[in-house]
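Engineer: Here are the chains, one letter per residue:
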Amino acid sequence: MQAFFFIAFPYIALILAVGVGLYRYFSHRFTYSSLSSQLLEKRQLFWGSVPWHYGITLILFAHLLPVIFPAAAGAILGNHTRLVVLELTGLALGLYCVFGIVGLVARRVPTGSAARAVTSPMDWILLLVLAYQTLSGVGIALFERWGAAWYLSTAVPWLRSLVRLHPDASTVIGLPVFIQTHFISGFLVILLFPFTRLVHVFAIPIEYLWRPYQVVVWNHDPQPPHAPVSPVPVAAMPPTPSESTDKERRQLLARLSIIAGGITAAIVGIPSIGFLLGLRKTPETWRSLGPVDSFPVGETTAVSFLDSSPLPWAGVTAKTAAWLRREGPEQFIAFSINCTHLGCPVRWLPNANLFMCPCHGGVFYKDGTVASGPPPKPLATYPVRIREGAVEILTSPLPITTV
Amino acid sequence: MRLLKQIWCWFDEITGFSRSLGPILSHPVPRARKTRWFYVFGSATLVIFLTQVVTGIALSSAYVTGSGQAYDSLRFINSTTLGRIIRGIHYFGASAMIILIGLHTIRVYLMGSYKYPRQMNWLSGAGLLLFTLLMAFTGQLLRWDQIGFWTAVVAAEQAGRAPIIGSWLGHFILAGNTAGGATLSRFFAAHVFFIPALIFVFLAVHLYLVLFNGISEPPKAGRPVDPRTYRRWYHALLEREGVPFWPEAAWRDVFFGTVVVLSVFVLALVVGPPELGKPPDPTIVDASPRPDWYFMWYFALLSLIPKWSERWVIILGPLLFGLFLILVPILGGRGERSPLRRPWSILLVASAVVVIAHYWAVGIRAPWAPRLEAEPLPPKVVGVTSGPIADGARVFYDKGCEYCHMVSGYGGIRGPDLSDAGDRMSPAQIATRIFSGAENMPSYRGELTSEELNSLLAFLSSRRRVQLPKPPVLNEAPRQTAER
Amino acid sequence: MNVRVQVSMVFHLDKCIGCHTCSLACKNLWTSRPGTEYMWWNNVETKPGTGYPTLYEDQEEYRGGWEVKDGDLRLKLNTRAGELLNIAYNPRLPSLDDYYEPWTYTYGDLIDAPPQEDQPVFKPVSLVTGNEMEVEAGPNWDDDLGGSSIYAANDPNLSSLSEEQRQQLFNVERVVFFYLPRICNHCMNPSCVAACPAGAIYKRGEDGIVLVSQEKCMGWRMCVSGCPYKKVYYNWETGKSEKCILCYPRLETGQAPACMHSCVGRIRYLGVLLYDADRIHSTASRPDHELVEAQREMILDPFDPEVVRHAKANGVGDHVIDSARKSPVFKFVKKWKIALPLHPEFRTLPMLFYVPPLLPVTGFMTDDGLYESSSDFFSSLENARLPMRYMANLFTAGDEEQVIRVYRKLMAGRYYKRAQTVGDFDGAQVAKMIAEAETTAEELEEIYELSSLAGFDERFVIPPFSREAAIELVQITQVRQEGGGMGFIHEPRRGL
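Residue numbers (this note's numbering), protein chains in the order written: chain A, 1 to 403; chain B, 1001 to 1484; chain C, 2001 to 2496.
So here's chain A without its partners, still in its complex pose (with noise of 0.2 Å):
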């Protein structure tokens, strides 16, 4: 059952959406509108639409874009405060989306209102659909708090998996059933879509912003001149297509032709970009420095040995570099050779117990810490072990300072 709703439906639902969607747009194109029956009342309109859209513009951004960038969203809410901000802020939102719905719902009650007698039926289902599901957000975000982190964890990898064609619906199998709900009818909402006034989202005119302010529209070729009416009579002309379906028809084909073409660029450039993004996370592993007892106590070394990935070709730059100092008998401590200003090499004073570098002339306590120049922070550490009397280093990325 739970693989229906979070497998199967999400992908039945999206296809219905873009599938009836596109239908409708071409072959019932004048379906197509916000329906808005503003101009049948005066002011109630204004306390429901407002809030309603502009509350939920910005939530579907806050939904969608964790989706997009996991890593970002999860850095911003790492941080307690931040996180407290942006569940309050979504809570506001959340909150004038409820009473602009509300709103909307309420002038279209009245029997004998305005609204209601342009209200139908799929007015109604969306309306309650979409109630449910603001109602339901709202819910969450007082009751199952810190939906923000959680939802990282939960419902982002799986809608990840979906768009990835990999369904896993395991991170979000195990959550309450009042929050899978909230999931359920947010696909319920794109699979209304087609089939209701929503469609309207599709069709938000952002090229408003920059098409010219006047629209002429030609029915012939302003070039040439085409010929007066000609004398042969309407019956013996050969039947040529009247020129609305040949425009028509030139426009659809050339339509379908960008489309065609978007979707082979997609097939060949979505997997090419995807392949350089990818970053080849590789496992940490421990590699062996050697026995404690060549590093006398109180000394900094330079150590080296292979990352994480010696890939076969990589030769002599497979390998890498640290600074391994013994503080205490069972005590060690390994830095990043890498400056934490631009990342050049340090180097290792032993007279002066400084780390200097070369670059920009930052330098570095024998401890890592700051002593002068550019480098914004400390030089980086590698975790060190001890197993069977050896020195164990975990390799790590390389090190990259971030503001």
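Some hints could be false.
[Claimed, not checked] Which stretches of chain C does chain A cover? Using the computed rule of at least three CB atoms under 8 Å from a CB of chain A, they are:
{"no.": "1", "segment": "2077-2089"}
{"no.": "2", "segment": "2203-2214"}
{"no.": "3", "segment": "2218-2227"}
{"no.": "4", "segment": "2234-2248"}
FYI, nobody ran anything at the bench for these hints, they're computed from the structure.
Glycine is no exception: its CB is placed at the ideal position from the N, C-alpha and C atoms.
Given the structure of chain A, go ahead and fit chains B and C onto it with the hints provided.
Structural biologist: Relative to the frame of chain A, chains B and C by itself:
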């Protein structure tokens, strides 16, 4: 001869080249009198780019794109005579391309040639400028020696300063967790396929636009560009006094291009390609990464700006420069073209050139870099061979003071010159500074024994511009003079 | 010079009798579907009066049309980004109350009522909700001033009149009004097109007719606010905006628009104009008092060989140029300069023109209750019943001088013909008037011919539009209309 002509006629008949390309070659261009030699930089950049393409293809036929083998393959190329020459041409060609595209940009900016209708010419050219700089950067890196390797690390670190995606971007540039096996391939693909492809596309657009909009006429003070009338006026100008591009104007391009290529060739023969450094082994830690000359000024800039501003400069600097390039034609698309009526443009170019030249000169001196290769002070500088001053001189070297501080011409220039420290500071002041350190000096608290400190103070106090008749004894000589 | 063609109309207001036949012809043909009941693509307003929808001319409220701000021509409504931000709720949209709630009557009650004491009555029911309703307003609620001056007193065009002038206007003995038939102006610089976020409204290149693409329209409703004449209407049933289409299916088949065809007073003239599309922006940016003259300059003379050359280069055929030369509109607007655009200060460069009414007075009641005829038969401009100020507010953006110039010519024509046919005027006086009006006897004769005698073929001059295929659209009118309205290929069914 007749046969050749017949073949050409047949070829032309079936291809139509003379009909399609002929008008392009002979299209009219405005007559430029005094400024006619300023128009050659763009075409020379194109010529040198083609040179780079040819030599690059030749180099790639022997270069091995593996982090482990690239260095050895380069050594092999270097060991052959023609390989050396080709590397030399590629290297000096790169430098020439940077200089030429810079001159071309300055010429276009000063003459206001980016104004209507040539805004898109400028924007495509701005793209080409960006790609040329990227080529220079990635190319230096492909010389996969120690410096090339560390350049990749520095690039990743710089990208790391981008907000939010920094770490991800840095590792994307390195193609993995560490700079290693996959890194070089990534830069090779960028340098050899991706960026050149972009250059070709932009070049096509750029050249098309040059033909479509016509080459800009020499600006004249008091003749502003008005988009409503410019095209009509320009075509009238061409009809009135245009000359065919080929060969009336083109011969200067050809001549200058030849001179440039010849100079590059001579430099490649005489000076030869840059020597390879140590192998790209990350465990050899005594590396001193330095960019090639064209980025030296930027390298210097990053060292000299205040520490707090660094994160902004690394990210915002290039962005602002890009924004400037984009905004120039958009905001200044009309009006006066002549630099005489646009004094700010002259000032801007002059200050940019001065700033870059200054930082470039500074970058070559690199006053911020410690001289880790400094030798111990010779006795003739110290003045004595034993006693506290001689001990102090040894401590001065051992503790690394000399890497940053110069004494009588020996040592680094990162810190203040201490040749006359005794004149300027009392021993107590010197001791305070040694203990407490400073923004650019580490604190030596706990690192010096009292004997070491005393002898160091003795040594430093003895550093005076006016040498006393005999080597002074710590704390005694001044007191004696005072008593007298 | 970028020559384009515009099908244009002139209304000779002196001839309008306010019978509303045009409105009904239009309604029966185009707007008898659900959702369109309140739409009057053609309506006839009583002036002074508040118009339809109420106070539509008050652009401080509705913000239609364009304004010049910091030397820049921009929509009065909002910026582009501002429009998109207001897309969920358009604060400048008139509500149905500003028009009226359409209703019908329960006529069935008259037949179905059981035997009873009282006479059965029918009640008004709303066509929107189907419920019984109180009728509070309807189309032409203030027709012929609605029996009181309170409607007319709200006319925004009266705002710049002095208190004295207004008093005089609504003095019972002198009370005055005239009719103003209005359809979409098919502007050269349409602000509805510019305001439409979806890009659904467009001006046809061949004939300048402004249309709403029913497929592209997404119901964002900005056109309704954007049009200063409020001639785009939102269909609350289909969620699409609709407007006057200048009966283009009829034009394309050589028939006059329904409103013109049915006009009892024969006040309408239809023909093509050539205009220079390159000058639209600069003309619309001119100061208020230059607008009428600048627009007239944009309209090109089809007899000028240079114009003809550019027109041909733009694909305008010989038959169109020929028709432009015979165009009655060209004569009224450009040649004789006696037809003026309505509210040029909205800067949409409207392409319908009005010959202002003379409203002659033959006599009035004096204070002692005697009926006294004025000494000069046709009255004079100085004591015109409608102040020149008011006419200037309507037709010349407030510049009385330009209105007076038109009236001088019209007046001269009257006196000239009166002297000719009745002979009770002094020839010298007529000659003086002709000179003052800067016209000639020949021109006045021509004006007279076209104003009073012209037959249908002289009032309606259009070139063939080579759109025979369009016949299909109107071939089986009955089928079309019953299926949901004229002009629709598919039945215009509301979306889910």
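Engineer: If any of the earlier hints don't hold here, list their numbers in rising order.
Structural biologist: none
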